[in-house]
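Keeping their order, the protein sequence lines are chains F and R.
Counted the way my numbering counts, the first sequence spans residues 74 to 349.
Counted the way my numbering counts, the second sequence spans residues 63 to 369.
The hints are simulated quantities; they were obtained by calculation from the structure and are not laboratory data.
Glycine included, every Cβ here is placed at the ideal spot set by N, Cα and C.
Misleading hints may appear alongside valid ones.
Think about it this way: if two alpha-carbon atoms lie no more than 25 Å apart in a straight line, the pair counts; the simulated DSS-like pairs of lysine-lysine are [unchecked claim]:
(1) 124/R to 136/R
(2) 149/R to 189/R
(3) 86/F to 191/R
(4) 232/R to 309/F
(5) 286/R to 189/R
(6) 124/R to 191/R
(7) 309/F to 121/F
(8) 86/F to 189/R
(9) 136/R to 149/R
Pairwise CB distance ranges, derived in the manner of DEER restraints [as the list claims (entries may be wrong)]:
(10) 239/F to 130/R: 38 to 46 Å
(11) 168/R to 296/F: 43 to 51 Å
(12) 263/F to 277/R: 26 to 34 Å
(13) 188/R to 324/F: 54 to 62 Å
(14) 168/R to 328/F: 41 to 49 Å
(15) 263/F to 294/R: 45 to 53 Å
(16) 85/F to 134/R: 21 to 29 Å
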Amino acid sequence: MVKMDRIKIFQNKLLVLSLIIITIMIMIAIFAPILAPHDPNLIDLSNKLKEPSLTFPLGTDHLGRCVLSRIIYGTQVSIGAAFLVMGISIFIGIIIGTFAGYKGGWIDQVFMRLCDVLLSFPSLVLSLALIGILGPNFKNLIIALVIVQWVPYARMIRGLMLVMKERHFIMAAKIAGTTDTIIIIRHMLPHILPQVLVFAFLDIGTVILHISGLSFLGLGIQPPTAEWGMMINDSKQFLRNYPSLMLYPGMMIMLVVMSFNLLGDSLRDLLDPTHK
Amino acid sequence: MFGFIIKRLVSMIPILVGVSLITFILIHLVPVEPAEAYLRLSNGVPTEEAIQEVREELGLDKPLYAQYVDWLYKAVQLDFGTSFVTKRPVWDEMMIYIPATVQLTVTAFILMLILSLPIGVFSALYKDKLFDQISRMFSYVGASMPGFWLGFLLIYFFSLQLNLFPTSGKGTLFHLVLPSLTLALAHISTYARLLRTSMLENFNQPFVFYARARGLRERTVIVKHVLKNALLPVITVAGMGFGYMLAGSVIVENVFAWPGIGRFFVSAVFNRDYPVIQCYVLFNTAIFVLVNMVVDIVCAALDPRIR
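Assemble the whole structure, with the sequences as input and the hints as a guide.
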């Protein structure tokens, strides 16, 4: 028992730590224009590949742009795009999953078959294909990721709805003559959302990794927007002499993804203590 | 067992039809008309007559379902049309790059199995001890690292600083080490953790208690009773892992300039070479579906309860 408690406290520490890091990151993203010492896209070839100094705390890249400013602005893109993808995916997931689970019937059948097919694609391949066909830009990156992401949410919500439908308080509401819309919004969704959100926190790190990976390939965020994955790609030819150019953006990606993963894990353990 | 295989094969048919349908529809999402895109690339003038000609040539004037049947009939025979860029059959082009990608993915897969097995077993045996804590930490780091960044870190330390391995390209076995390690590393931590959880669950099973009560040696109990049962769920996920690695090779190939289909695909995207994109998607997905099926059959062969 004592040991259990110690693990709990340890995990709560991690939860607090990850929350602090994520809050700082979101703050950096919001206040990027104030925090960044320079314009992240200002090209100044006379200042290229400078070592860190007081004016350029992390040095400059091959086009003379301030690395620190680009990293700060990169927070906006990575976290912003990931939240956008998650938000749209969960929204679509809730609507379709609710319909399929609550209504059942042929809607459910069609939905399940569609899920089977969409899940037969390795997720990266499907987003690569969509971006390949639609053309690489920010809008298509979001579309491609949403098309891959909404499926597990819809399936999860459908499953939860099916279980929920049989609960006594829902039946009571039905007998009392409550409309379906009110049952779903007032009685079912509030029970389902916490579980969906924990799942979302476990997932958001993967989305951030996908965004940076696709941007690294040149298929995601397009230049000149500062994005961490793209910064790593830009710096690869200077790896031998300027390894720090590659080091900072990668560390930022890792820090953000790890914080979200830790947060998701800790939240899941809090909600579901049987999970180890 | 035979019945199970037949059932599993039949259940694959609607999936494959659905996958092919989606891949087929993808092409029709192209912002420009395929016939026009084709003409632009071959430097033809996209006049109305020329577009009409290409439409007929590519069969784009037929109704959609007829196009799909035509396309599927050809795709089954590995005819994916001609590349817009090289003007050669897409499958012939793919075959140039496929061996390199398969070599990389299979090596990474074997590496993953060899490394995650002992790590998973020892973290289960020494639960919450130092080894387990270290492996837990590594699994967090491994799951949070972008693969391409890890690749560059490995290049920096092992190629540029220590001069142990070549930085890029394909050739000797030394060329294979860093790319396959990069591809495998993120997965190793996942499977090791999974195996650990699975083993811990089995430790509490009555048959383990019984095996111990019979006075079997602890090693026999662990290997024959715990590990054997714990491996089943891991095998299923490892099968999916192979598909993810095959897809993930697109990033690793671009880091290490490995001449595989991933790099070919990325250049096809920039050239708007749609038949190549389509073929790449179909190839990856077909392998993913097939491997999953084989894994299911293997699991059923190992565990009569599934059949």
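Hints, one by one, checked against the model:
Taking the CA atoms of residue 124/R and residue 136/R, the gap is near 16 Å; set against the 25 Å cutoff, the hint holds. Distance check on the hinted pair: residue 149/R and residue 189/R sit about 58 Å apart at the alpha-carbon level, beyond 25 Å; violated. The straight-line distance between the Cα atoms of residue 86/F and residue 191/R is roughly 19 Å, inside the 25 Å bound, and the hint therefore holds. Proposed proximity of residue 232/R and residue 309/F is supported: the alpha carbons are some 19 Å apart, at most 25 Å.
Our distance criterion of 25 Å between C-alpha atoms is met by residue 286/R and residue 189/R, whose separation comes to about 20 Å. Between the alpha carbons of residue 124/R and residue 191/R the distance comes to roughly 67 Å, so the proposed pair goes past 25 Å and is violated. At most 25 Å may separate the alpha-carbon atoms for a hinted pair to count; residue 309/F and residue 121/F meet this at roughly 15 Å. Of the pairs offered as hints, the one joining residue 86/F and residue 189/R holds, with about 21 Å between alpha carbons and a cut-off of 25 Å not exceeded.
Taking the CA atoms of residue 136/R and residue 149/R, the gap is near 17 Å; set against the 25 Å cutoff, the hint holds. Restraint check, residue 239/F to residue 130/R: a C-beta distance of roughly 41 Å satisfies the suggested window 38 to 46 Å. Range check, residue 168/R to residue 296/F: Cβ separation about 35 Å, and the 43 to 51 Å hint is violated. Between residue 263/F and residue 277/R the C-beta distance comes to about 55 Å, which lies outside the given range of 26 to 34 Å.
At about 30 Å, the beta-carbon gap between residue 188/R and residue 324/F misses the expected band of 54 to 62 Å. Distance hint check for residue 168/R and residue 328/F: the Cβ-Cβ separation is about 33 Å, which falls outside the suggested range of 41 to 49 Å. Taking the beta carbon of each, residue 263/F and residue 294/R are about 38 Å apart, not inside 45 to 53 Å as hinted. Restraint check, residue 85/F to residue 134/R: a C-beta distance of roughly 55 Å breaks the suggested window 21 to 29 Å.
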